[in-house]
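**Student:** Spelled out, the chains give:
Number of protein chains: 2
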Amino acid sequence: MASISIHDVAVRAGVSRATVSRVLNGTEALVAPKTRERVLKVAQELGYHPNAVARGLAGKPMNTIGVVLAYILPSVTSDPFLGPVLDGILDKNKRRRQKTVIFTENDWQEALENLPTYCDGHCDGLILVIPRSDSPIVHALQKRRLPFVIVGDYREDPNLTVIDSDNVSAAYTAVQALAQQGHRRIAILCGNREFASRGQRLEGYRRALAEAGLPYDESLVMTGEYWEWSGAENTEALMRRPPSERPTALFCSNGRIAIGALQALESLQIAVPDEVSITAIAETPDIATLRQPLTAVQMPLRLIGECAVECLLDQIHAGVPAGEKILLPGELVVRGSVARPTPA
Amino acid sequence: MASISIHDVAVRAGVSRATVSRVLNGTEALVAPKTRERVLKVAQELGYHPNAVARGLAGKPMNTIGVVLAYILPSVTSDPFLGPVLDGILDKNKRRRQKTVIFTENDWQEALENLPTYCDGHCDGLILVIPRSDSPIVHALQKRRLPFVIVGDYREDPNLTVIDSDNVSAAYTAVQALAQQGHRRIAILCGNREFASRGQRLEGYRRALAEAGLPYDESLVMTGEYWEWSGAENTEALMRRPPSERPTALFCSNGRIAIGALQALESLQIAVPDEVSITAIAETPDIATLRQPLTAVQMPLRLIGECAVECLLDQIHAGVPAGEKILLPGELVVRGSVARPTPA
DNA sequence: TATGTTTATGAAACCGGTTTCTGAAACCGG
DNA sequence: CCGGTTTCAGAAACCGGTTTCATAAACATA
Chain S
1 MASISIHDVA VRAGVSRATV SRVLNGTEAL VAPKTRERVL KVAQELGYHP NAVARGLAGK
61 PMNTIGVVLA YILPSVTSDP FLGPVLDGIL DKNKRRRQKT VIFTENDWQE ALENLPTYCD
121 GHCDGLILVI PRSDSPIVHA LQKRRLPFVI VGDYREDPNL TVIDSDNVSA AYTAVQALAQ
181 QGHRRIAILC GNREFASRGQ RLEGYRRALA EAGLPYDESL VMTGEYWEWS GAENTEALMR
241 RPPSERPTAL FCSNGRIAIG ALQALESLQI AVPDEVSITA IAETPDIATL RQPLTAVQMP
301 LRLIGECAVE CLLDQIHAGV PAGEKILLPG ELVVRGSVAR PTPA
Chain X
1 MASISIHDVA VRAGVSRATV SRVLNGTEAL VAPKTRERVL KVAQELGYHP NAVARGLAGK
61 PMNTIGVVLA YILPSVTSDP FLGPVLDGIL DKNKRRRQKT VIFTENDWQE ALENLPTYCD
121 GHCDGLILVI PRSDSPIVHA LQKRRLPFVI VGDYREDPNL TVIDSDNVSA AYTAVQALAQ
181 QGHRRIAILC GNREFASRGQ RLEGYRRALA EAGLPYDESL VMTGEYWEWS GAENTEALMR
241 RPPSERPTAL FCSNGRIAIG ALQALESLQI AVPDEVSITA IAETPDIATL RQPLTAVQMP
301 LRLIGECAVE CLLDQIHAGV PAGEKILLPG ELVVRGSVAR PTPA
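Heads up: the protein sequence lines correspond to chains S and X, in order.
Quick note on my numbering: the first sequence kicks off at 1 and runs consecutively.
Quick note on my numbering: the second sequence kicks off at 1 and runs consecutively.
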């Protein structure tokens, strides 16, 4: 069954294509009521539905939001960051009746090469999910007329719309929770240096220390990766130190590191929170189901996706200029992995 | 920067649009080599990239695969079925250099209403992810010329391409693992009646019993839902029975039910596998990280997504007719939740 | 009634490609 | 040197819409 075009409707209603188009686009003033009625009736009868691609070609919005994901992960959906963000995007698009087109690339270099494809008219705007800072894709996109927003860190350019989680305040809150209980030797387990989030979380850590009047001790800053093994490794290294050099509390800069840290402490038979207190930044809520309850700052990743869609639609339809910066704060969820330090 | 069209290239190269089109589509025979060179050079210089939407309108493939998801879940990505399937689709599309457009709907009724949108030329074919059997959407789609495949159960119609996990054989394998250890009273914890998978898993259960020469005892068939609470509830109900009516082994028809069952057994202080053996069908690999190791049949959900894309591309480009049925078998992973029953 | 102004609608151009049709030039053999 | 093929490339139609422009009809005003 070939689908019916605007031409079929026009013929059947005895009017021109232009008139049908006018009626269906609600340019009411220009069409006589009775013509209008007739066209609508015929369109209804024929089950006419305008072709979005043709419409797009003629300059109308496609009602489609593009998402660029560059990853080599075997799984997008179970990635603790991408998964929830994508969820937020899908859900918001569903509510706003937008289609979601996903451009999957192996890396941002490839994304840059495929940039013309994104501007092909497929979508009305783009969400770049954590583009690497060293990829020229952002600046290449700025030269085009396609609206876009960035999820992740890109704060330097005032003309970019950026949505990110507020890593500084999240780290601050998590460390503050430890300091307020009287901990004076608080270690931080950082992630990979190549992510901007590492620096931000470290900054929040320093701020909380400073505010609590605690010294910044480089020996308590452990760098590794955002994975369980790294958390475990660094925790062991810390705990094998002589008592005076050992921290009484750990701040884990993501959920995976925290899980690794807990495992290490368990195998070292160090009790949480009696002997060591722990807080963390948690991306996904699955932290809540751990055997050892973990006090953590829960990051609103879904919300990031939702905000990205909203901001983008504002740019597309309301003509809001790019440049907005949204940092979403996390929320401290107290679950009992923090106690006062044992007097030495 | 307005993007350059085929017209710009044509003018600059001193040829007609038709010629440019021919050169870029590799219809080589019809273009003189030197013209060809010149056009290619100009296209290169201008950074020309054909507009996919215009191309689509003119009848060329869009290189885009559509995915219809109807759900009311708060999260697609963390759904134990949708998540991995979507992963497989995204990954395969990445490899095949296809875009992925996702149509999100609240339910299949809504999907039916939006069906014309799917046929809008946005995509070359459609993957319906577990459409409900009672929605007319499948038959409505058959009347269109848009190729599509179904993920999930729809075996009745020989003209449909269907990709699903082989629930019957998976259940069979999981129950067989129990029967082979000598269990004679094996309970099944089923999911929701509205899913076809329930019936299939029940059938596999019956086959395994029959093959082992065990009677089918309705009192050992527990129906509930595919959620932890249901698994816990049914397990408790079973274990509170007098010893002679109690099963010595449980077959949990999905991962969530299994988790619930394990929790219930733990709180009842019933040891696994010493007092009760358990096997399950597991959608996601996270079963592997449970405190209590669980012998389970792991279902290849990612693969389902990948197969769906392959089948669809076969239909679109190779003209393979619809009708293929692919049932992907699971794989038994032995982790130690099965032991011989204790002699009564 | 003649003139000016709306109002309603169609014709045609356009968006950016593809493809069919057509004809000119080059090439072939006799 | 001529008629018949081939090769190459442009003109034009088409895909399915939107939008500008032009015009006929209806209406208002003098």
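No lab work stands behind these hints: they were computed from the structure.
One should not assume that every hint holds.
Where chains are identical, the list cannot tell them apart; a pair therefore holds if satisfied intra-copy or between any two copies.
Here are the simulated DSS-like cross-link-like pairs (lysine-lysine), alpha carbons at most 30 Å apart as the crow flies [stated by the list, open to error]:
1. Lys-325 with Lys-60
2. Lys-325 with Lys-41
3. Lys-60 with Lys-143
4. Lys-34 with Lys-325
5. Lys-143 with Lys-34
6. Lys-60 with Lys-34
7. Lys-41 with Lys-143
8. Lys-41 with Lys-60
9. Lys-325 with Lys-143
Computed from a predicted structure; not experimentally measured.
**Student:** Now, for every hint given, state plainly whether the structure supports it.
**Tutor:** Consistency of the hints with the structure:
| no. | hint | result |
| --- | --- | --- |
| 1 | Lys-325 with Lys-60 | within (28 Å within a copy, 40 Å between copies) |
| 2 | Lys-325 with Lys-41 | neither (47 Å within a copy, 42 Å between copies) |
| 3 | Lys-60 with Lys-143 | both (21 Å within a copy, 28 Å between copies) |
| 4 | Lys-34 with Lys-325 | neither (50 Å within a copy, 52 Å between copies) |
| 5 | Lys-143 with Lys-34 | neither (47 Å within a copy, 33 Å between copies) |
| 6 | Lys-60 with Lys-34 | within (27 Å within a copy, 39 Å between copies) |
| 7 | Lys-41 with Lys-143 | between (45 Å within a copy, 23 Å between copies) |
| 8 | Lys-41 with Lys-60 | within (24 Å within a copy, 32 Å between copies) |
| 9 | Lys-325 with Lys-143 | within (20 Å within a copy, 48 Å between copies) |
Hints 2, 4, 5, counting from the list given before, are not met by this structure.
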